[in-house]
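Use the sequences and the hints to build the structure in full.
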Amino acid sequence: GESVGLHLPTLSVQEGDNSIINCAYSNSASDYFIWYKQESGKGPQFIIDIRSNMDKRQGQRVTVLLNKTVKHLSLQIAATQPGDSAVYFCAEARIQGAQKLVFGQGTRLTINP
Amino acid sequence: GAVVSQHPSWVICKSGTSVKIECRSLDFQATTMFWYRQFPKQSLMLMATSNEGSKATYEQGVEKDKFLINHASLTLSTLTVTSAHPEDSSFYICSVFWDRGEKLFFGSGTQLSVL
Numbered sequence: 001g002e003s004v005g006l007h008l009p010t011l012s013v014q015e016g017d018n019s020i021i022n023c024a025y026s027n028s029a030s031d032y033f034i035w036y037k038q039e040s041g042k043g044p045q046f047i048i049d050i051r052s053n054m055d056k057r058q059g060q061r062v063t064v065l066l067n068k069t070v071k072h073l074s075l076q077i078a079a080t081q082p083g084d085s086a087v088y089f090c091a092e093a094r095i096q097g098a099q100k101l102v103f104g105q106g107t108r109l110t111i112n113p
Numbered sequence: 114g115a116v117v118s119q120h121p122s123w124v125i126c127k128s129g130t131s132v133k134i135e136c137r138s139l140d141f142q143a144t145t146m147f148w149y150r151q152f153p154k155q156s157l158m159l160m161a162t163s164n165e166g167s168k169a170t171y172e173q174g175v176e177k178d179k180f181l182i183n184h185a186s187l188t189l190s191t192l193t194v195t196s197a198h199p200e201d202s203s204f205y206i207c208s209v210f211w212d213r214g215e216k217l218f219f220g221s222g223t224q225l226s227v228l
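Heads up: the sequence lines are chains A and B, in that order. Going by the numbering used here, the first sequence runs without a break in its numbering and finishes at 113. Going by the numbering used here, the second sequence runs without a break in its numbering and finishes at 228.
A portion of the hints provided could be inaccurate.
Said to hold, decoys possible - In silico DSS-like links for lysine-lysine, alpha-carbon gap of 25 Å or less:
#  : chain 1 : residue 1 : chain 2 : residue 2
1  : A       : K56       : A       : K42
2  : A       : K42       : B       : K127
3  : B       : K133      : A       : K42
4  : B       : K216      : A       : K42
5  : A       : K68       : B       : K216
6  : B       : K179      : A       : K100
7  : B       : K179      : B       : K168
8  : B       : K133      : B       : K179
9  : B       : K177      : B       : K127
10 : A       : K100      : B       : K133
11 : A       : K42       : A       : K100
12 : A       : K100      : B       : K127
13 : B       : K168      : A       : K100
14 : B       : K154      : B       : K179
15 : B       : K179      : B       : K127
16 : A       : K71       : B       : K216
17 : B       : K154      : A       : K71
18 : A       : K100      : A       : K56
19 : B       : K168      : B       : K133
20 : A       : K56       : A       : K68
21 : A       : K100      : B       : K154
22 : A       : K56       : B       : K216
23 : B       : K168      : B       : K216
24 : B       : K154      : A       : K42
25 : A       : K100      : B       : K177
Source of the hints: derived by calculation from the structure; they are not laboratory data. Note that the structure is predicted; figures quoted are calculated from it, not measured.
What follows is the structure, given as structure tokens:
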């Protein structure tokens, strides 16, 4: 099902520290997961994706971890920078119909100087 | 460069008027586009799936007569908010699905404010 939050969780970290953003997804049939970054007044920006046959995938300064057993997804951002401040959404889908994404609640990440 | 062009970026209109939002796929043909709505401090909610050459598929709770979707070509989908009311004020975002790469690209969004 869809997850829409009335209260946006927040996370504050110091510049240069690592941050971990967590997401619980709802559909055990989902096999494709994506993390998006959204800055104020803009559309979502793709960060990284992972398919269910993997439990970890790394990008540039970002790592996504998938735990299918507990339906949990996390995004790790290394050495955070001020430009990382944004709202981060996880999204789930089925590869056969991967276009129809269901977005998670979102987490607002603030990087403190 | 941008893969998806969404226009306008923002619009202010009077209650009762209709507003049209365009979503263009710039780099590839798209048989499927999606329209999302996002209220402040909330997540994106899928409104409808726009299918080229056929009727759009609306999500539960979305009024099809109020949110008219036209996908007349493989590169353009439009969302018309008819007889807009203040409660329709929201951030509307389109997305385009690229079949070959199984990737979804998002437009920059349209902020609608209904007075």
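For each hint, the structure was consulted:
no.: 1; hint: A:K56 <-> A:K42; in the structure: violated, 28 Å
no.: 2; hint: A:K42 <-> B:K127; in the structure: holds, 24 Å
no.: 3; hint: B:K133 <-> A:K42; in the structure: holds, 19 Å
no.: 4; hint: B:K216 <-> A:K42; in the structure: holds, 19 Å
no.: 5; hint: A:K68 <-> B:K216; in the structure: holds, 22 Å
no.: 6; hint: B:K179 <-> A:K100; in the structure: holds, 22 Å
no.: 7; hint: B:K179 <-> B:K168; in the structure: holds, 14 Å
no.: 8; hint: B:K133 <-> B:K179; in the structure: holds, 12 Å
no.: 9; hint: B:K177 <-> B:K127; in the structure: holds, 21 Å
no.: 10; hint: A:K100 <-> B:K133; in the structure: holds, 23 Å
no.: 11; hint: A:K42 <-> A:K100; in the structure: holds, 20 Å
no.: 12; hint: A:K100 <-> B:K127; in the structure: violated, 32 Å
no.: 13; hint: B:K168 <-> A:K100; in the structure: holds, 17 Å
no.: 14; hint: B:K154 <-> B:K179; in the structure: holds, 24 Å
no.: 15; hint: B:K179 <-> B:K127; in the structure: holds, 16 Å
no.: 16; hint: A:K71 <-> B:K216; in the structure: holds, 22 Å
no.: 17; hint: B:K154 <-> A:K71; in the structure: holds, 24 Å
no.: 18; hint: A:K100 <-> A:K56; in the structure: holds, 23 Å
no.: 19; hint: B:K168 <-> B:K133; in the structure: holds, 17 Å
no.: 20; hint: A:K56 <-> A:K68; in the structure: holds, 11 Å
no.: 21; hint: A:K100 <-> B:K154; in the structure: holds, 22 Å
no.: 22; hint: A:K56 <-> B:K216; in the structure: holds, 19 Å
no.: 23; hint: B:K168 <-> B:K216; in the structure: holds, 23 Å
no.: 24; hint: B:K154 <-> A:K42; in the structure: holds, 13 Å
no.: 25; hint: A:K100 <-> B:K177; in the structure: holds, 18 Å
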